[in-house]
Every structure is written in C-alpha cells, then in structure tokens.
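Student: Throw the hints in and build the complete structure from the sequences for me.
Protein chains: 4
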Amino acid sequence: MNQEKIVHPVNVKSEMSLNELVTQFEKSGAFGAGRLSEATKIFEKFASDKEALKFLGLAGAMVPAGMRHVIVEMIREEYINVIVSTGANLTHDLVEAFGGHHIRLSKAYNDIQLNRLGINRIYDVYVKNREFVKFEKNIQKILEQIDPVKLEKGIAVYELLWEIGRNLTDGKSIIKNAFEKKVPVFCPALTDSILGLQLWLFRQRKPIMIDVLKDIQKMIDMAYESKRAAVISIGGGVPKNHILQTMLITGRGFDYAIQITMDRPEPGGLSGASLSEAQSWGKIKSGAPWVDLIADATIVLPIIVGAVKERLTKSRV
Amino acid sequence: MNQEKIVHPVNVKSEMSLNELVTQFEKSGAFGAGRLSEATKIFEKFASDKEALKFLGLAGAMVPAGMRHVIVEMIREEYINVIVSTGANLTHDLVEAFGGHHIRLSKAYNDIQLNRLGINRIYDVYVKNREFVKFEKNIQKILEQIDPVKLEKGIAVYELLWEIGRNLTDGKSIIKNAFEKKVPVFCPALTDSILGLQLWLFRQRKPIMIDVLKDIQKMIDMAYESKRAAVISIGGGVPKNHILQTMLITGRGFDYAIQITMDRPEPGGLSGASLSEAQSWGKIKSGAPWVDLIADATIVLPIIVGAVKERLTKSRV
Amino acid sequence: MNQEKIVHPVNVKSEMSLNELVTQFEKSGAFGAGRLSEATKIFEKFASDKEALKFLGLAGAMVPAGMRHVIVEMIREEYINVIVSTGANLTHDLVEAFGGHHIRLSKAYNDIQLNRLGINRIYDVYVKNREFVKFEKNIQKILEQIDPVKLEKGIAVYELLWEIGRNLTDGKSIIKNAFEKKVPVFCPALTDSILGLQLWLFRQRKPIMIDVLKDIQKMIDMAYESKRAAVISIGGGVPKNHILQTMLITGRGFDYAIQITMDRPEPGGLSGASLSEAQSWGKIKSGAPWVDLIADATIVLPIIVGAVKERLTKSRV
Amino acid sequence: MNQEKIVHPVNVKSEMSLNELVTQFEKSGAFGAGRLSEATKIFEKFASDKEALKFLGLAGAMVPAGMRHVIVEMIREEYINVIVSTGANLTHDLVEAFGGHHIRLSKAYNDIQLNRLGINRIYDVYVKNREFVKFEKNIQKILEQIDPVKLEKGIAVYELLWEIGRNLTDGKSIIKNAFEKKVPVFCPALTDSILGLQLWLFRQRKPIMIDVLKDIQKMIDMAYESKRAAVISIGGGVPKNHILQTMLITGRGFDYAIQITMDRPEPGGLSGASLSEAQSWGKIKSGAPWVDLIADATIVLPIIVGAVKERLTKSRV
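Taken in order, these protein sequences are the chains called A, B, C and D. Numbering-wise (the working numbering), the first sequence opens with residue 1 and increments by one. Numbering-wise (the working numbering), the second sequence opens with residue 1 and increments by one. Numbering-wise (the working numbering), the third sequence opens with residue 1 and increments by one. Numbering-wise (the working numbering), the fourth sequence opens with residue 1 and increments by one.
Simulated from the structure, these hints should not be mistaken for laboratory data. Think of the CB as a built atom: it goes at the ideal place given N, C-alpha and C, for glycine as much as any other residue. Among the hints, a few may not be true.
Straight-line distance between alpha carbons at most 20 angstroms, and here's what the computed SDA-like set of lysine to any residue pairs gives [stated by the list, open to error]:
{"id": "1", "chain 1": "D", "residue 1": "K214", "chain 2": "C", "residue 2": "M209"}
{"id": "2", "chain 1": "B", "residue 1": "K128", "chain 2": "A", "residue 2": "S276"}
{"id": "3", "chain 1": "D", "residue 1": "K41", "chain 2": "D", "residue 2": "E20"}
Here are the simulated distance ranges between beta carbons [what the hints assert, rightly or not]:
{"id": "4", "chain 1": "C", "residue 1": "L117", "chain 2": "D", "residue 2": "S48", "range": "30 to 38 angstroms"}
{"id": "5", "chain 1": "B", "residue 1": "Q113", "chain 2": "D", "residue 2": "L117", "range": "15 to 23 angstroms"}
{"id": "6", "chain 1": "B", "residue 1": "E4", "chain 2": "A", "residue 2": "K134", "range": "29 to 37 angstroms"}
{"id": "7", "chain 1": "B", "residue 1": "R205", "chain 2": "A", "residue 2": "K134", "range": "40 to 48 angstroms"}
{"id": "8", "chain 1": "B", "residue 1": "G118", "chain 2": "D", "residue 2": "K172", "range": "47 to 55 angstroms"}
Tutor: Here you go:
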C-alpha cells in the first residue's frame, strides 16, 4: 500500500515559529495536531484564492475572549471577505469600539455577588453594566445619524452594520474594518443580542424596519456571482448553518471548508455536526478539502492565522 | 451538619414507572441522575404554575429525532406557553405536517453516496430531497392564502407562524398546536432555515416584509405582563440566549430555569454556559431554582415530561 | 429502498414503564434515545445467554453516585458474570459495606473549606475522612483473617477480593455478592486506590504479594473456555481496555458489546474510542451487535437494567 | 477594584514564536488561551525547580499520536523526573524502539476491512499486526536477558522498565531515556496492555513475579524524600489518580499542578474532575498554582514544552 505515511514524532525547539510548529504537526498528521495542520493548509489555500467568496462564521464569545484583532487581521489581509456573526460578537466589538473593556478578575466572586456589583460574567471574562450604558448612548447616537428614509423603508442588517461601521473611529473594530474593506457582515439573529434590543429601543422613538430577506437576497447574489466558495466556521450556531445553506441555493457547494468547534456530533445538533454531513446535503462539494478541528478557537485560530501569515508573506517574496 | 443527605443507592424493579425512576434519582441525588430529578422537580413546579410565562427553548434537531409529540404534549397540557425555536425545527415540523417523513437507514452509505441518492443526513436520521419539494409546494400555497396586506406592511414571525398553523391539518404538528393554544412561536433567525428561504422565494413573486422588531415588542410585552417567568431550554443556541435576554429587559429575571444540553462551559460560548452565569446578568433571580442537565435531550425530555404528567395527573385526582 | 424505517415520534404517557419508554425509543430510533434502545436490546440478548462470558466494566465513580444496587442486581440476576473494575469503585463499595456513607451537602463550600472540614469531594458527592479511618480498621482486620500462606506466595486480585467478600456482612455489597455468585472481580490497577494503599500498609507488618499475572491467567482461561463473550463497559478507562484485550488473546472477539461513556473519540484515547475501532483489532466480531451509548451512566444504566428486568420477567412467564 | 485586568486582544504576526504566542495569551487571559498561558507559567516554574519531585502522567494514545520526542525532551531537559503511564504508551514506545511504525492511511477503510488487512486503528493512526510480531520477538529476547533471580523473587514495574530501557538501542525511546536519566516509570496497570500480556506469555516458560506493592513503596519513599512536588497530567485515567494519591500519603499535597484533558467533570469520573476537587482531598496544597487545561494534548503539549524551552534557554544566558 503506497498510500501509507509514517507518523513522524513532533519535534519542538526553542524560538520555534507557529509555522514551524504546524509543519511538524503536518509530519505527524495525527489527532488534533494533524487536524490543525490540515486546517492551516486549507486556510492557506483559500486565503490566497482571489476569486473565492470567503466566509467567516463567528459564534461563541470570540470578542470578549480577545480574538478581535485576529479577526481584523483576517479582514485586512483579505483572507476572508464575508462575515456571518452572532449579535453578541458584534455587540462586544462595539462595546470596545466605544471605549469599553472586557476584564478579568483576580478575586473570586460567585454569580449572585457579581450581579450585586453590576458585573456580568462570560465564562472567565467580565463586563460591567456601565459599559452597556455607554454602549446605549453611543449606538443611539449613531442610529440617529443614519438616513431616516433608509431606516424606515427597510434596511438590511448588512447595510445597517456598514452604516454603523462608517460612524466608528476605532481602527481596531471588526465592524469598522469590515465597512472599510466592503466586507458584508450578516447577522441573521440580530434581534437576539443587546445590539438588537437597541434597535427595538430606537423604534420607540423613530421608525425602523429591519429587512432580513434583503440580507438573504444579498447573500444569494454574492454566492451566485462567485467562482468558488470557502468557509471557516468558528463555534457552530446560526453562523455555521447560515453560511452552509447559502451555497445550497446555488447548487454548487463549498470548495474549501474548515470548522473549529468544541461541540460534538453525538447529540445530533448542527453545531457539532461533522462537515462530512454537509456533503450529503450538497453544501460541500464532493472532493473539496474540509476538516473538523475539535479545539478551543482561542488557541487554534491565532495559530492558523499566524502560520498562514508567515507562509503567505514568504511566498510573496 | 444537618444539611447532609445520604446518597441512597438507586433501586430498579420490573414495571417501574418513569416517575418512580426519577423519585429514586432524587433519593440518590448524585451526578446526572440527581440533576435529572432536580430538573423534573423544577419542571413540575412551573408546569403547574398558572400565572407564569413559561418558555420552551428549542435548538438541536429535536423534530427529526422524534421529539415532536413530546413537545406537542407540553403545549396541550399547558406546561409551557411560549416557544422560541430554531428555524430548522419548524421546517422539520412542517415537513412532517405536509406528509413527509424522517427516516433511518439500515444500510451504511457515506455522505457522498447519500448526496447522489438525494438523501440528506441529520446525524443518524435522513430526509429525502423530495420531501423538500413537497414542502415548497405546500408552504408556498399557504403563504398565498395569507392576507397580502398583512404580509406587505410587515408581519412578525410569531404572527406568520400562527397564520401557517391556522392552515395546517396535521393535529400532531407543533405549529398547529401552538396556533390552537395561542402559544406564540418566536424564531429570531427564521431566515436561517429552509422555511426562511421559502419566504425569500415568495418575495420573488409578491411583497413580503418580516418585521423582527415586532416580535421583540411582543416578547417584551408578554414579559412585562407576566407575574413569574420560567424556562426550559433545550440545546442552547439562539433560543436559549433569546429567552434569557427577554427577562433581562424587565429587570426581574426568571423564577425557574432548566437547561438540557451536551455543550460544555469551557469553550466560553453561551450554549454551554452554566445557568449560574445567567444570574450574574440578572437573567435568573437570586434564589430561583435552576439546574444544568448535561444530557441527551432525546433521552431525558421524554422522562421529565412523562414523570411530570404522572405527578400532575395524580395530584389532580 | 426497503431498508428504510420511519422515525416514529416518541409518545409519553402517565405511569409509563421504563420498558415502554425504551420501546418508544426503538420506534424513533434516533440519536441518544435510539442508541439507548439499541443498548437495551443488546443487553436483553446477552443477559439471557446462559453460555456467554459476560463482562461488566466499571470505571467512573459509580458507587459514590448510587449505582451500587443496580450493579448488585446485575450480579444476582446473572446478567453479568465477570467484573473488571477500578480500585476506587471497590474502595467505595467497602466504605459502604463497613457502614460508611456517601453524602450530599445542601450548603456550598469551596474545596479548600471542605479540606479543612475533613470532607472529600467526588463531583457533587462527598465522603468524610472518618469513613476512611473506619475503612482502614475494617479492611486490615479482614486482611488479618486471610490465610497468610496464600498472601505470601502470591495471591491474585480476584482471589483477594473473594476473600474480602467472604468476610463481609453487608448483603448489598458488590464484592460480597460477587463472592456469593462466584463472579470474579478483576482490578488490574488495584494499587491505584485507597484499597491498594491498604495492602501496602499491611505489608509494613506482614508479607503479602499481589500476583497480577495470575489474574491474567484466570481471565484468559475463562475466555478460552467460553462459548460466547459479551461486554457492557461503563466509563472507559482500564476496565474497558482490559476486557477488550482479553478476547484479543483468544482470537475470537466479542459477540455482543455495549459501552456507556461521556468521553469522545476525537482526542484519540481508548476511553472515548468507538467500539467500531475495536473491530479493527478483532476485539469485536464482524457482524456482532455493538453500540456506543454517549450518555451519563447514572441515568441510562438503571433504565437499561429496569427495562431488561421487565422484559425477562415477562418472557419467563 | 484593583484586581481587575483588561482582556488585551491577542495579536499575531509573521514568524511569531511559541513563546510570543503564549505571552499574547497571557495578556488576554481568557478562555482556553488564558489557561494555556497559565499552564505554561506553572510548567516553567516547576520545570526549573531543582528540588521538586516532578511527575508526568501519561494517558491517552500519546505515543501513536507522535508525542514521543516531546516527552523525551521533557526527560532530557529534566523538566520532569517521574513518569506514571498507561501500559499502552509504553507498548507503543517499544513498538517504535524495535523499528516499528505508526502510520496514517490516505485511503478510507472501514474497521472490518482494516481487520482483514491486519491493520489496527487508534483513532486516525494505524499500526499493523506485523509490528506486534516484531514486538513479541524483541521483548521476549530482552526478558531473557534480565537476571532470572530478580524476575522470580518479585520485580517492581519500574525496575522491570529500567531493565528493558537498559537493553534498548533507540536513542529516541521514552523508556531508554528514562533509564538513562534514572527517571522511574510507574505503570500501575501494566498487565492491561500488550506489554503486560507479553509478561504473561513469558511466564508460560519461566518464573516471573511482578511486585506491584514494591512500586508503591518506591513512589511513597520518593514522595516523602521530596521537598516539593509537581504534576503535569495528560489525559486523566490511572496515571492521574495514581500521581495524586501519592502525595495524599505524605499529607503534604502538590505544590504545582497542571492537567490537560478533553474529559469533562459532569459525568463525575476522576479523569474529567477539576484539580480543584483534588484540593478537598488535600492532594493539592491550598494556595498552590494549578490549572485545568481543556484541550487536545497533541496541540498544547508541544506549545508548552517549546515555549518553556525558549524561556529557560533565555533565562540561562
């Protein structure tokens, strides 16, 4: 059998770069390390494909966990060109864009105590109530600046987010960078977030209609116009399903697919489903490279982006 | 210390009822079995609370997995009176309402083979392409029957689903039963589903505007008007977050809370977060009973509903 | 395709028995519920096979969690006839056999506080230091009563455990019942437990040699002499591997296999490995029924044993 | 509150070293990335503590997955000085020491096909039957070379493994390097492995007695003689419990503790238990740094070892 490869044990050394690490993982090829090397290889390919529609799916508390700059890097380097996100990640991007902070606490409080202190917990990260007060003041001000005709007649979520992005000053914001790079940010469940609730609040004073079907129209148009399609999905949820269903419409399926998740297939939900399952639906092409990377995205996403940056920087020279 | 309780070993016997099993689990109190008994106790309490707003959160492929009648039972028995669902569960409820089936296969096919056979996989359940053809025909016909003025001026998702429910004939349908019991069904990410894509298709021919902020208004009104609030969340995702955020607005928090999930807290996403975390946000009242039941919902949900049915039937006598 | 089966939605009713529940799960067949019905069917078959060598693998804190009587039931009803256990489950069986208790606490202490109170935690179950003092007194007394020649020349673990069982008075003890039913209890890592440490303590005063290779000889002899072989493995670990490796020697493989675990395959360890993997090694026969039940054993084991008890009781009539 | 720290978003760059990555993770501090930085900090501390007894717990298929050289690095650099392993990892180290290979396959076979081809599967790694034939020939030859008096009167597992190590020629072997560095390798469930079965085979021809209580004596002596104690546990299982129980005897507890696992606490078994739980038992000192790193060890162990190597190399200059 010539389709055999030896599992070469991983070697580490001092001052080893992320790319060198991943290259070692490619030589072993086994378990999570092997899948990480596979994900990096697929991401390297699609990141440098100038003709592909390249989706980033963003679920899980990625912004509170400090992944904001990594995502901005992906936008600026044009590794991706469409984002589908939960409302929470956008809310937290804006919290930071408005000068707020996510914090860690060295003293242990229980959740009832935190509530009394006005501190909200996101696993081991915290955000104070006052950040949301600041958030409300700033986002309402931005909403006021958007053309009221646009808001009234029905604005798509991606259009609204570009309008918000246009009004931001924080150069490190995902929404700001997406606006500048003309990367549409879709958020199919926008009302399911504090940002969404701010829209409801705005409506108490002024007319606003969110036209979610216009977002679908835009996504489908983009999908039809693309030559190839790629996805890196982080954390499952609505973003994962939404991205996969888009290529279903075109009848073409994805040409590259990566998912990073800690969910598992056995409970049967889509978040934990193998990308293989998506092939039965025709969402991923037969023969297209794909990988399920079962790992904490806060660890592996920076590795993938860092290693690919190194690879693409070198190949450019 | 008088706050100690002995872990009484669980005894099983022939012809043991679900309620007897859960009662044994209450005597042991340990691990998953203990949490299942706790969930049953909380559910028994809120199911019989006539003044509570009682949410069911529905994520994961619960309908394909055969949980449809259990959910209908919860609606009919008035154990719950609001549903927040993924679009997929509603789509699959309609697939069955239109005479379609979810199937199991005794022969093993890989996902590429399934794709060629026109069969789509949902973990170990399958649904044929032709069911979606039937789905399209039927749902478009129903959409045609809805008052076009309502559709054009902006219809809330819960209104649209009631309109659909009104037009169904299948007495076992979740959407039909919800309509009949006036249980609003919210679906914050409706466009993220095959049902949602059908609305986009409908718009190619006729005007339709989905007014997602009207759903928020309805939820918040219901929350404000309620005396108490309860939640049983299955599978995390948007439904879980959406239900929890609703009571955040009222500033009151939930009086009872149960979640059933196989997700874990460590990756930091909301789906796997402990309900304890929700207390820091004020989404669950200090002192309110809550439990995280880490279990496969297809196993434990029928047990909870069956055991509570037995308890409430007896207490009624 | 006539190999299709419809997923029949699960129906629940008041006073539903465990067997009725599992029968409903068999009709749906999907996800965890389907696998639970499959496990019950396989267990029913092998529990009533009089010619099979039937292994119970016992890892995880099953005794502290209240599963002691369920296991005793399996021994008494002859559903199983060999046990391979962790040292911890045997230690905790003895703690209870000597009149000690596992407890639950209604007040919340952190682990440092518990340590000061002399209370040891096993997830949400607790055991006091004083139970181990009692344990030491009793087990040393029993060791004194065993023929010193046997101990000195090299005693197998299963022989030692039978000697201990002979000296117990608690009719609900796993070790006692195993002794009475002549069910050998193997414990390949006996020294990795508080019971094992007591043997080391005993050796400070008197000669004792544990002959672990004699256990292997016994297991292999039993395997060779058996017509068929069956396994129900709870929680993975050494017990799972040990049982599977036994049939490897005979070159025959298991005829029935069930595993119940919350571990997953992706990290690559044996505990979470699918039983399918064991087929590549020849540990499970081609064509033999097997199932991976991803579930909390404290919930599903009582259901399986209760349902099978009902089935076998009825079939006996 | 001055115990607050801002979550600084992680920045990646081209040619970033492992240490730079972990330093970024320390600045964010959140989720898995934060815990990885914490683990690295603790490991750096104990790796450079010359007076500590430093345990490596080795469960899961670490050698088949290519972690062999990383472990050898830890031995050579004296980051650890005691190993407690499963029998499988030792078996697979010897398979490679005898010139065998673990392989990956690019063609997909199912497990029944693999069995017919004489190929055994370990998740996504494979090992051929013929490697075990070679293993048997070599290990029996080595056993023949050990002083028969030693074998007959009762040899501890760690002594036996040193004898084996003495007879190996492969400079990359864990067992060989452990022998050379006088690092005892304990394996409490040695008979639960193919290596253990070879001892049983050897006994068919010649007398051999494995004295497992002698191992306990050695571990306890080492524990008593140590000034401080540290543990890095990979994958739970017997190695984790065994290491933790050792310091229980001394009544002192560990001074540093790291665990890397994908198991979860909720099912209640020790493998997935938080190290916090170990504090209730006094196995870890109050105030000692510890961390639960929920991650795939094949990804994070090389990062920790590589980053610490860089830190210690620099601090030496």
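Student: So does B/E4 sit 29 to 37 angstroms from A/K134, Cβ to Cβ?
Tutor: For A/K134 against B/E4, whose Cβ atoms are near 47 angstroms apart, the range 29 to 37 angstroms is violated.
Student: Between B/Q113 and D/L117, does the beta-carbon spacing fit 15 to 23 angstroms?
Tutor: holds (22 angstroms)
Student: Kindly confirm whether 30 to 38 angstroms is satisfied by the beta carbon distance between C/L117 and D/S48.
Tutor: Holds, at about 35 angstroms.
Student: Going straight from one Cα to the other, do D/K214 and C/M209 come out at no more than 20 angstroms?
Tutor: holds (9 angstroms)
Student: Given the hint that D/K41 pairs with D/E20, test it: the Cα-Cα distance must not exceed 20 angstroms.
Tutor: It holds: about 13 angstroms lies between the C-alpha atoms, which stays within 20 angstroms.
Student: So does B/R205 sit 40 to 48 angstroms from A/K134, Cβ to Cβ?
Tutor: Hint holds: Cβ distance 45 angstroms, inside 40 to 48 angstroms.
Student: Within 47 to 55 angstroms or not, the Cβ separation of B/G118 and D/K172?
Tutor: holds (52 angstroms)
Student: Hint check: B/K128 vs A/S276, CA-CA at most 20 angstroms. Holds or violated?
Tutor: Satisfied, since the Cα-Cα distance of roughly 17 angstroms is no more than 20 angstroms.
Checked against the numbered hints given earlier, the structure breaks only hint 6 and satisfies all the rest.
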